[in-house]
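Heads up: the sequence lines are chains A and B, in that order. Throughout the first sequence, residue numbering follows the numbering used here, covering 1 to 386 in sequence. Throughout the second sequence, residue numbering follows the numbering used here, covering 387 to 772 in sequence.
No lab work stands behind these hints: they were computed from the structure. Treat the numbers as computed from the prediction; the structure is a model and nothing was measured. You may find that some hints are simply not true.
[As the list claims (entries may be wrong)] DSSO-like cross-link-like pairs, simulated, lysine-lysine; straight-line CA separation at most 30 Å:
id, chain 1, residue 1, chain 2, residue 2
1, A, 170, B, 715
2, B, 557, A, 170
3, A, 270, B, 701
4, B, 557, A, 171
5, A, 171, B, 656
6, A, 170, B, 556
7, A, 327, A, 383
Protein chains: 2
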Amino acid sequence: MAHKHLTLLAGCLFAALGSLAQQQLGQRSRVQSPVVHDDGTVTFNFFCPSAQQVSVRGDFEEIHSKTLPMTRQEGGVWTVTTDPLNPELYSYSLTVDGQRFIDPANSYVNRDISTLSNIFIVTNYADDRGHLYQVNNVPHGTLSRVWYDSPTLGQQRRMTVYLPAAYDGKKRFPAMYLLHGHGGDETSWGDLGRASQIMDNLIAEGKCVPMIVVMPNGNPTCNAAPGWWHEGMYTPDGNAFNRRGAKATMEESFMDIVRFVDSHYRTIAKRSARAVTGLSMGGGHTFGISRLYPDVFDYYGLQSAAARMQKNDAKFDEQMARLFASKPKLYWIAIGKEDFLMQMNNDLRTYLDAHQYPYEYYENDGGHIWRNWRIYLTLFAQKIFK
Amino acid sequence: MAHKHLTLLAGCLFAALGSLAQQQLGQRSRVQSPVVHDDGTVTFNFFCPSAQQVSVRGDFEEIHSKTLPMTRQEGGVWTVTTDPLNPELYSYSLTVDGQRFIDPANSYVNRDISTLSNIFIVTNYADDRGHLYQVNNVPHGTLSRVWYDSPTLGQQRRMTVYLPAAYDGKKRFPAMYLLHGHGGDETSWGDLGRASQIMDNLIAEGKCVPMIVVMPNGNPTCNAAPGWWHEGMYTPDGNAFNRRGAKATMEESFMDIVRFVDSHYRTIAKRSARAVTGLSMGGGHTFGISRLYPDVFDYYGLQSAAARMQKNDAKFDEQMARLFASKPKLYWIAIGKEDFLMQMNNDLRTYLDAHQYPYEYYENDGGHIWRNWRIYLTLFAQKIFK
Chain A
1 MAHKHLTLLA
11 GCLFAALGSL
21 AQQQLGQRSR
31 VQSPVVHDDG
41 TVTFNFFCPS
51 AQQVSVRGDF
61 EEIHSKTLPM
71 TRQEGGVWTV
81 TTDPLNPELY
91 SYSLTVDGQR
101 FIDPANSYVN
111 RDISTLSNIF
121 IVTNYADDRG
131 HLYQVNNVPH
141 GTLSRVWYDS
151 PTLGQQRRMT
161 VYLPAAYDGK
171 KRFPAMYLLH
181 GHGGDETSWG
191 DLGRASQIMD
201 NLIAEGKCVP
211 MIVVMPNGNP
221 TCNAAPGWWH
231 EGMYTPDGNA
241 FNRRGAKATM
251 EESFMDIVRF
261 VDSHYRTIAK
271 RSARAVTGLS
281 MGGGHTFGIS
291 RLYPDVFDYY
301 GLQSAAARMQ
311 KNDAKFDEQM
321 ARLFASKPKL
331 YWIAIGKEDF
341 LMQMNNDLRT
351 YLDAHQYPYE
361 YYENDGGHIW
371 RNWRIYLTLF
381 AQKIFK
Chain B
387 MAHKHLTLLA
397 GCLFAALGSL
407 AQQQLGQRSR
417 VQSPVVHDDG
427 TVTFNFFCPS
437 AQQVSVRGDF
447 EEIHSKTLPM
457 TRQEGGVWTV
467 TTDPLNPELY
477 SYSLTVDGQR
487 FIDPANSYVN
497 RDISTLSNIF
507 IVTNYADDRG
517 HLYQVNNVPH
527 GTLSRVWYDS
537 PTLGQQRRMT
547 VYLPAAYDGK
557 KRFPAMYLLH
567 GHGGDETSWG
577 DLGRASQIMD
587 NLIAEGKCVP
597 MIVVMPNGNP
607 TCNAAPGWWH
617 EGMYTPDGNA
627 FNRRGAKATM
637 EESFMDIVRF
647 VDSHYRTIAK
657 RSARAVTGLS
667 MGGGHTFGIS
677 RLYPDVFDYY
687 GLQSAAARMQ
697 KNDAKFDEQM
707 ARLFASKPKL
717 YWIAIGKEDF
727 LMQMNNDLRT
737 YLDAHQYPYE
747 YYENDGGHIW
757 RNWRIYLTLF
767 AQKIFK
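Please model the complete structure; the sequences and the hints are all you need to start from.
Right under this line is the structure:
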């Protein structure tokens, strides 16, 4: 009798909750996936009785992606468990009978150019890399998608602005400009780069000073990320809009961004409170910006940078001389041992050495990947404004 | 020779662009999908030679989802083209040999509770519904994820704030509070509800006044949307965290939100410049808020509302009497003919009629679905602050 009563009660509760529900488009998955275990192993589950061959492909190793074949269990659930993984944010997808899909049981995804991948985090202790990338119970900054006017490009453009938790409209803060790579946009550093989580956590731990982080869109022919401007929901390929002429380059139009930020946010509007750093193409932009505006920023970070040198070019030499005569507080070059832009960065370092221009160099494992850019952001943020 | 030269040039260009690329996780799709044609028909394409049966399932009809079987072409591309679709934002997924997936060729997705669905927009002319939901070449407002302190709930909580393009930190604006349903969160109205697109377009067309839109999280036991607070990347089911006790209800804690907004944004902090509206559970919240704080808002919108009456309850009757004695400018009830909460809304209207409490009623086709809530937002936004 008591049991029947409980069952009825549960039924009523369910109905009551159901009656408040917003629409859900599609059934919830029957399995849970991924399941991150305490020892760092991760189990993937996928229900598909009809499939012939299923595997998981993810960035589970330092350099290359790894494919893990899944095994079919009775009932049609495919499963595989990894070896213990290091603390990290991982990306993966499923391959079902030769076709790439995202895991239907995991609603956490990142878009990288035109593809979606699932993500999960492995973390073992309170100060490892996984912990730094997750949302912890610390004060959180505000993340805004802001439209600004770029007179140089003749456009309304979108940027992402992170304001630290301490931002109250009264105190002033330094600003880091954080630039994405080719194929990316103003959403890349926040999504793939975990920028707001990294900054929230570093600031809460007292490892970096509270700062404003400005993440603009580095494609002068796009006003915003795919789907967020008037070209509609096109398939991003990183090149489509670059075929059209831009009024100016990213570097040439960059002061529009700095002027907007200084006039709309409580920045410390001077050189010692401005940093600029970017990855790949954004590293190239940082390189160009450092030569065009040597008095605007005191901290530069070139991450896996497409830092193309203009050899035997008097104007380039003059720009570099002016830049280093201005004595920037930090010229930081970071790259992975397997990065395909290593030669370009070696050439730059040879040039800097030959001219006795001071810089800091950081080299780690791995290639041209987001895992490294999250590490570089973490390191660079701790070096500036101190 | 000329031809060879061009090929070489193309190769160099490709290499040059490739060298600037940020990592792309996974191959770009081989097919384009969906393709929206000028006549409103839509073609879906899916490359999967090994599949036995593939279909598209989407909300292509007014009320029910529709399944469209796809046909296998030579080479392994499955395809289907719809009948002409009305201007609208549509959601869909693929079913491949019995398993639900999102379309690998379409990186535009919305999350609804725990499932992802692809989206696309059909629009035929400059003032149809599809046009209203897309990003047009008009001034855009700022969309922010903001953390605020809720003393009543003893939590740091996240909300979404839309500031109209005209917001410049000097002029003051009215504020609409826009509440989600059960299973939703502070991202729902922005993503599934297209709130920023609707507001940008209505404001640009002069159909509604520029206003601040505040989209809080209506779950008192969650600080933020899944993945955006310290519970990690759990699978949202809409109920998990409701099983824990909350310090107070959404309605009881609601003035924390209003106070934060009035003290952090340039609002017109008076009744005639405040509106509150919500869908389903959020309609229930709106109903409760209207009874608890009859002097705070002048405009109420109950959308497919879980507006549970407390019958033969003297306190409820007294609250309702006080509310309508305060003469709110608008008490608006909107619901679809097929909504499963129709009876609840009929009961409310019977009560309002019996007491001669004035309200406006809007009934349209369809049920408890986002298509209707986008329509209700569009209508409500045009009725307020005028």
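Here is what the structure says about each hint:
no. : hint               : in the structure
1   : 170(A) with 715(B) : 37 Å, violated
2   : 557(B) with 170(A) : 19 Å, holds
3   : 270(A) with 701(B) : 60 Å, violated
4   : 557(B) with 171(A) : 22 Å, holds
5   : 171(A) with 656(B) : 28 Å, holds
6   : 170(A) with 556(B) : 15 Å, holds
7   : 327(A) with 383(A) : 16 Å, holds
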